[in-house]
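Work out the full structure: start from the sequences and follow the hints.
Quick note on numbering: the sequence shown equals residues 1 to 188 in the working numbering.
Don't take each hint at face value.
[What the hints assert, rightly or not] Ranges of calculated distance between the beta carbons of each label pair, as one might list FRET restraints: (1) Leu129 x Ala164: 21 to 29 Å; (2) Lys77 x Leu149: 19 to 27 Å; (3) Asn127 x His103: 34 to 42 Å; (4) Arg168 x Leu124: 26 to 34 Å; (5) Asp141 x Val120: 18 to 26 Å; (6) Thr66 x Leu113: 19 to 27 Å; (7) Gly142 x His103: 41 to 49 Å; (8) Asp141 x Ile63: 35 to 43 Å; (9) Ala145 x Gly105: 34 to 42 Å.
[Claimed, not checked] In silico SDA-like links for lysine to any residue, alpha-carbon gap of 20 Å or less: (10) Lys77 x Thr66; (11) Lys131 x Ala146; (12) Lys131 x Gly142; (13) Lys77 x Ile2; (14) Lys131 x Leu121; (15) Lys131 x Val120; (16) Lys77 x Ala148; (17) Lys131 x Phe151; (18) Lys77 x Arg3; (19) Lys77 x Leu152; (20) Lys131 x Ala148; (21) Lys131 x Thr147; (22) Lys131 x Phe116; (23) Lys131 x Leu149; (24) Lys77 x Val88; (25) Lys131 x Leu152; (26) Lys131 x Ala145; (27) Lys131 x Val153; (28) Lys131 x Asp141; (29) Lys77 x Thr89; (30) Lys131 x Gln143.
Since the hints were made in silico from the structure, they are not lab data. Beta carbons: idealized from backbone N, C-alpha and C, even for Gly.
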Amino acid sequence: MIRLVTCLILLSSAVAVADPPGLTLPAGAVLQQPMLAPPGLAVVERPVRAMPPETSYRSQLIIADTAAVFAVVGGIKAESAGLAIVGVTSWVVMPALIHSAHHHGARAAQSLLLRFGLPVLGGLIGNQLGKCGSADCDDSDGQAAATALGFLVGIATATVIDDAYLGRADDAPAPQVQNLVADASPAR
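Structure below.
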C-alpha cells in the first residue's frame, strides 16, 4: 500500500513543463527575425496563426490532490507519520507548483493562501461552535471533534475552490503573433 501511494505521488508530481501548442516551431521550420526593409522596399505584416487558447489543467490538480489524500490515508493506516506528512505537504505545495508550471504565479499564491487559510479558519470556527455554553460543561471531546470537522470542511472547501476555479483556462484570448517580412515589391 505504501509503495502504491508513493508511486501515485511521484507520478502526480511530474508536471509537464512544455510550451503550449503554437509556441514551438514545426519540424524543419526556421525562425525568422524581423528585418528592416532597405529603402524602396515595403514591409508587409503577415499574420501568423494565433496560439490556441489555453485549456484547463484541472485534471492535473485533481490527480495531485487525490495522490495527496491517498498518501495521508495510507500513512494513517500504516501508522507512518512520514507518509502522512508527505501527503499533507503534497496537498499544500503541489497545486501551487502546477499553477506555476502553467505560468500563473498569482494563482499559485492564491492556492497557497487558500490551502493554509481555509483549514485554519474552519478549525477556529469549529472550535468556537463546539464550546459549551455553561460553565459546568466539560465536553472537551465534543469541542475537539467540532474543531476537526471545521478543519476538514476548510480542507474540502480549499480543494474545491482551487481545483474548480483556479485551474480554469484563461478567459482572455491569446495575443496575436505577427511576423514582419520584407516584401520585394517597390514601396508605393
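Here's how the hints hold up against the structure:
| no. | hint | verdict |
| --- | --- | --- |
| 1 | Leu129 x Ala164: 21 to 29 Å | holds (26 Å) |
| 2 | Lys77 x Leu149: 19 to 27 Å | holds (21 Å) |
| 3 | Asn127 x His103: 34 to 42 Å | holds (39 Å) |
| 4 | Arg168 x Leu124: 26 to 34 Å | holds (29 Å) |
| 5 | Asp141 x Val120: 18 to 26 Å | holds (21 Å) |
| 6 | Thr66 x Leu113: 19 to 27 Å | holds (22 Å) |
| 7 | Gly142 x His103: 41 to 49 Å | holds (47 Å) |
| 8 | Asp141 x Ile63: 35 to 43 Å | holds (36 Å) |
| 9 | Ala145 x Gly105: 34 to 42 Å | holds (38 Å) |
| 10 | Lys77 x Thr66 | holds (16 Å) |
| 11 | Lys131 x Ala146 | holds (9 Å) |
| 12 | Lys131 x Gly142 | holds (8 Å) |
| 13 | Lys77 x Ile2 | holds (10 Å) |
| 14 | Lys131 x Leu121 | holds (16 Å) |
| 15 | Lys131 x Val120 | holds (17 Å) |
| 16 | Lys77 x Ala148 | holds (18 Å) |
| 17 | Lys131 x Phe151 | holds (15 Å) |
| 18 | Lys77 x Arg3 | holds (13 Å) |
| 19 | Lys77 x Leu152 | holds (18 Å) |
| 20 | Lys131 x Ala148 | holds (13 Å) |
| 21 | Lys131 x Thr147 | holds (10 Å) |
| 22 | Lys131 x Phe116 | violated (24 Å) |
| 23 | Lys131 x Leu149 | holds (13 Å) |
| 24 | Lys77 x Val88 | holds (15 Å) |
| 25 | Lys131 x Leu152 | holds (18 Å) |
| 26 | Lys131 x Ala145 | holds (11 Å) |
| 27 | Lys131 x Val153 | holds (18 Å) |
| 28 | Lys131 x Asp141 | holds (10 Å) |
| 29 | Lys77 x Thr89 | holds (18 Å) |
| 30 | Lys131 x Gln143 | holds (6 Å) |
Taken one by one, the earlier hints fail for this structure only at number 22.
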